[in-house]
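For the record, the sequence lines run as chains A and B.
Just so it is clear: in the first sequence, position 35 is 35 by UniProt numbering, and no numbers are missing.
Just so it is clear: in the second sequence, position 125 is 125 by UniProt numbering, and no numbers are missing.
Treat the hints loosely; a few may be bogus.
Each pair may be met inside one copy or between any two copies, as identical chains are not told apart.
[Claimed, not checked] With a Cα cut of at most 25 Å, we get these calculated DMTMM-like pairs of lysine to aspartate or glutamate:
(1) K126 <-> D16
(2) K126 <-> E80
(3) K126 <-> D20
(4) K126 <-> D52
(5) K126 <-> D53
(6) K126 <-> E67
(7) K126 <-> D109
(8) K126 <-> D14
(9) K126 <-> E17
(10) K126 <-> D91
(11) K126 <-> D93
(12) K126 <-> E38
(13) K126 <-> E101
(14) K126 <-> E29
Hints in this document: simulated from the structure, not taken from any laboratory.
There are 2 protein chains.
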Amino acid sequence: MITRIDHIGIACHDLDETVDFYRRTWGLEVHHTQVIEEQGVREAMLRVNGTDDGNACWLQLLEPVREDCAVATWLERHGEGVHHIAFGTPDVDAAAGAAGEAGIRVVFDPPRTGSMDSRVTFLHPKDCHGVLTELVTSAGDLARRGARPVE
Amino acid sequence: MITRIDHIGIACHDLDETVDFYRRTWGLEVHHTQVIEEQGVREAMLRVNGTDDGNACWLQLLEPVREDCAVATWLERHGEGVHHIAFGTPDVDAAAGAAGEAGIRVVFDPPRTGSMDSRVTFLHPKDCHGVLTELVTSAGDLARRGARPVE
């Protein structure tokens, strides 16, 4: 049901500065950037490697664009660092359904459009040993299955 | 220089319970387990996917086995959650050297033996935007390069 680690979400105060850190230090380049208004964040996706399920593994750098969003609140409490991890799955609806049946609180039900036209939801960290856990079906996997990102 | 996300290190209070959570929820199985006396932790490695550099991406679950180790201190302060992330590289010594030259504090210099006979070091989180960052050369890559885990 889980076929890869899709990305690691890292919250930062200054996206441009953090992108520059990863570029200078490791040569990682920005593959995609966007503002996700609903979540109040600006993101940069840095591709790290390909995965054997036909997808890829990314760093997702996140900067809050308003003070009342969840990432801003998280940054104030924790400082910069790893905000969440994301598992890739060919069918986020099925994976979220299984998690819900196992008693894990599912944050977006149904899933929503995520980064790069993926389909995503989150699982409550208190039900996942402290780890805010995202589930992602990539745009490529959605197309292969003939599914649309959001119904 | 960085060719994959090698693993996500997750600190937990009870390793068996956390392993059971990942098995029940996602079907992930323990590939390797060991006590790392020097770091005061018991670990379980759960393989998630293969990577296009010929290695794999893992969850590393960590339980402290004594109260005075770094992971125990971290758990007391943060509670369970993501403790560090690890990038895979074919040459941890070169990667750590480049990081050091860029002004990032390198914790193990030279690198030490890590999980599953890898060769590893850590970079100080304050120099990496709040992320405790491990660098790993896998046992397979060490063998391919004719290098030993620790000189």
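At 25 Å max between alpha carbons, let me know whether K126 reaches E17 within a copy, between copies, both or neither.
-> Classified as between: cross-chain Cα gap 14 Å, same-chain 31 Å, threshold 25 Å.
Within, between, both or neither: K126, D16 at alpha-carbon 25 Å | Close across copies (18 Å), not inside one copy (31 Å); limit 25 Å.
Is it within a copy, between copies, both, or neither that the alpha carbon of K126 lies no farther than 25 Å from that of D109?
-> Classified as within; 17 Å inside a copy, 36 Å across copies.
Homo-oligomer pair classification [E80, K126; C-alpha up to 25 Å] = both (20 Å within a copy, 9 Å between copies)
From the Cα coordinates, with 25 Å as the cut-off, is the pair K126 and E101 best called within, between, both, or neither?
-> Within one copy only: 16 Å inside, 40 Å across.
Pop the pair K126 and E67 into one bin, within, between, both or neither, using alpha-carbon distances up to 25 Å.
-> Answer is both: 24 Å inside a copy and 23 Å across each meet the 25 Å cutoff.
Alpha-carbon proximity context of K126 and D14, limit 25 Å | For K126 and D14, only the inter-copy Cα distance (15 Å) is at most 25 Å; the intra-copy one is 28 Å.
Between the shortest in-copy and the shortest cross-copy C-alpha distance, which are at most 25 Å for K126 and D52: within, between, both, or neither?
-> neither (30 Å within a copy, 33 Å between copies)
Should K126 paired with E38 be assigned to within, between, both, or neither, using CA atoms and 25 Å as the limit?
-> within (23 Å within a copy, 30 Å between copies)
25 Å Cα threshold - placement of E29 relative to K126 | Between copies only: 22 Å across, 33 Å inside.
At most 25 Å between C-alpha atoms: does K126 with D91 qualify within a copy, between copies, both, or neither?
-> Answer is within; shortest intra-copy Cα gap is 23 Å, inter-copy 37 Å.
Under a CA distance limit of 25 Å, which applies to K126 and D53: within one copy, between copies, both, or neither?
-> Neither, since 29 Å and 34 Å both go past 25 Å.
Checked against the numbered hints above, the structure violates hints 4 and 5; every other hint is satisfied.
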